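J.: Residue numbers (my numbering): 2 to 686.
These are computed hints drawn from the structure, not numbers from a lab. None of the values given here were measured: they were computed from a predicted structure. No incorrect hints appear here.
Straight-line alpha carbon distances no greater than 30 Å define the calculated DSS-like cross-link-like pairs of lysine-lysine that follow:
1) Lys273 <-> Lys330
2) Lys10 <-> Lys114
3) Lys393 <-> Lys658
4) Lys580 <-> Lys661
5) Lys134 <-> Lys114
6) Lys658 <-> Lys581
7) Lys88 <-> Lys338
8) Lys17 <-> Lys374
9) Lys65 <-> Lys338
10) Lys65 <-> Lys10
11) Lys10 <-> Lys33
12) Lys444 <-> Lys190
13) Lys587 <-> Lys661
14) Lys374 <-> Lys88
15) Lys17 <-> Lys338
16) Lys88 <-> Lys393
17) Lys114 <-> Lys17
18) Lys658 <-> Lys585
19) Lys446 <-> Lys546
20) Lys114 <-> Lys273
21) Lys401 <-> Lys330
22) Lys374 <-> Lys444
23) Lys25 <-> Lys65
24) Lys65 <-> Lys374
25) Lys338 <-> Lys557
26) Lys25 <-> Lys10
27) Lys658 <-> Lys587
28) Lys114 <-> Lys190
29) Lys374 <-> Lys393
30) Lys585 <-> Lys661
31) Lys25 <-> Lys88
32) Lys88 <-> Lys114
33) Lys88 <-> Lys134
34) Lys401 <-> Lys114
35) Lys65 <-> Lys17
36) Lys557 <-> Lys661
37) Lys393 <-> Lys444
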Amino acid sequence: MAEWQRFAKLLRSCSKYSLLDQGKQIHAAVEKMGFGLDLIINNDLIDMYGKCSRSDMACVVFDKMLERNVVSWTALMGGYLQQGNAKASLSLFYRIGSSEVRPNEFTFSTNLKACGFLGIPENGMQLHVLCLKTGFEDIPVVGNSIIDMYSKCRRIEEAAQMFDIMPYRNLISWNAIIAAYTHEGHGSKSLLLFQRMQEQGEIPDEYTLGSTLKACSGLGALQEGIQIHASLITRGFPISVQTIIASALVDLYVKCRRLPEARQVFNQIERKNVISWTAIIVGYAQEGSLQEAMDLFRQFRETGIRVDGFVLSSIMSICADFALVEQGKQVHSYTIKIPSGLDTSVSNSVVDMYLKCGLTEEAERYFEEMPVKNVVSWTVMITGYGKHGYGKNAIHLFNKMQSQNIVPDEVTYLAVLSACSHTGLIEESWEHFSGLLNDPRIKPKVEHYACMVDLLGRAGCLKEAKNLIENMPLEPTAGIWQTLLGACRVHRDLEIGSEVGGILLRVDGDNPVNYVMISNIYAEAGEWRECERVREVMKVKGLKKEAGRSWIEIDKEVHFFYGGDESHPLTERIREVLKKMERKMKEEMGYGYGVKFALHDVEEESKEESLRVHSEKLAIGLGLVCGGLEKGGEVIRVFKNLRVCGDCHEFIKGLSKVLKKVFVVRDANRFHRFENGVCSCGNYW
DNA sequence: CTAGGGTTAG
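Let the hints inform the model, and build the full structure from the sequences given.
T.: Next up, the structure:
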């Protein structure tokens, strides 16, 4: 074997296992040995850097080359794509046209994938037409990529059509179309195709079984999933060595909320990979066992398996959901040290984490610095602005993203609409709502209408809101009726309220939240008998609402509180400081219990609980005990799984005034920033 | 030498 071939071989294994440091060493050796101008070696270098999420270094190699072929171009595109930078790949594709290099099936395939990544069907269709004209469409790799591209662009009909007319269908074509149906939520169609392919003599591989299992988890079809699990064993695919299938199986059990079974499968896997670890970590986090989830992440890192963008985004989103500021910062600083930390999806989850933890400035700074922003990046930031009460900023960003040719999707519209309605920007709301209805790329969803119902509801236009629901071209969901019911409550409209309540119980009669809301409406109107009746039905049905829980992070440790909780070691001091604060507020501004506030809210907390100390108050108390009493100290940040109660809201407002401190409370709905006796939510929450 | 299907973020 010639010497250059040995280098090539080494580089390819670095590519395969994403070994960046070794790759760099070989790169240095290659230069030293005088192979720096070799075409194939340079192509391998580009590929290696790309696979290691370092397309910046791949680009350096590419730029220095005197002679480039189609492989050089395609490998560079692949590298950009790896990092989530689909646009860079496509712009290279257009640049190829002005060189003497002709794209081949690999080039088309890579860029079809890029189009799928961007999710813009028009882009992909253009490329599809080009494939058709150049005859590349018939090549299986390209055809399969076209199926996948349409699937990612949510064009399942086009994907199916491509599959139907393909002259050379292979296993991957079947896998692609099955995955497409699964992705689209048509799990039963996937199971049907799974059967048909076997009838046609195609042998499913781990990908097929993986997609089919995923279809089962989407359908919540635990039984069918278990059947596949069983047939895996009888067909001779032992879980222990079939890492990919096993990971899908872990995912199935996680989605079906069978964590013990998931863990059992996970434990059986001999060579766990990133996907297996990601699936189980997400599983624990979803069940609320974040300690175990973070512990598994630590164990995962100790294995030395390469941490990729997927697992990092997942971990970061756990930190965001539980508002673990310190842990989130730690993971963030960890992402900076590894190449896949540059991936767009990781950066998106970092921004989201800072926003959900209430650190708006950090989020803004990081967002600005992001070299590549996709539609998710913008949407995250718009959502964050909305939740923090910065409606104007949200709109500004929405306009800015479009001026940069980023196409908003339905989630983006949802973000901007909810930002407008939450911050009372009435005209802007309607403007963007009609923008949405006139945008041919967007299928309006019930959630969009719900934003408008919320807006009308806030303004007290309850009849109009109800009309909107009844006349929209979509089936109303429980959620949109809940929005309207909430508005009826604020405006104390018993007539529409009880009507909507009746509808709600018909369509969603097993959700405790509905009963609590309805009974509160009756309670506030003094209709005690009706109130009792609703509570009784709830009791008979055995429904219990979610317990209110608040938490605060102090010195990287999270302290949880339930209402009336006395389990915290500092309970006595917490009670003491809360009493002291109440006295102080009474003296200085007349705050006290028994005062009926304009928006007295017992919606999420039952009557018994409201007599005890609410969880958010306890968490605030701990924050005060742990150094929060000094003036000019850090902002106190508290989090609650439900909505903050009106009484506590008033209490914190007072605190912010007498202590001259800032408090930020994230509840299930939005952020409340209290400063000098005023809350950013403007009392409507 | 480059590629296609499975896990992630709003």
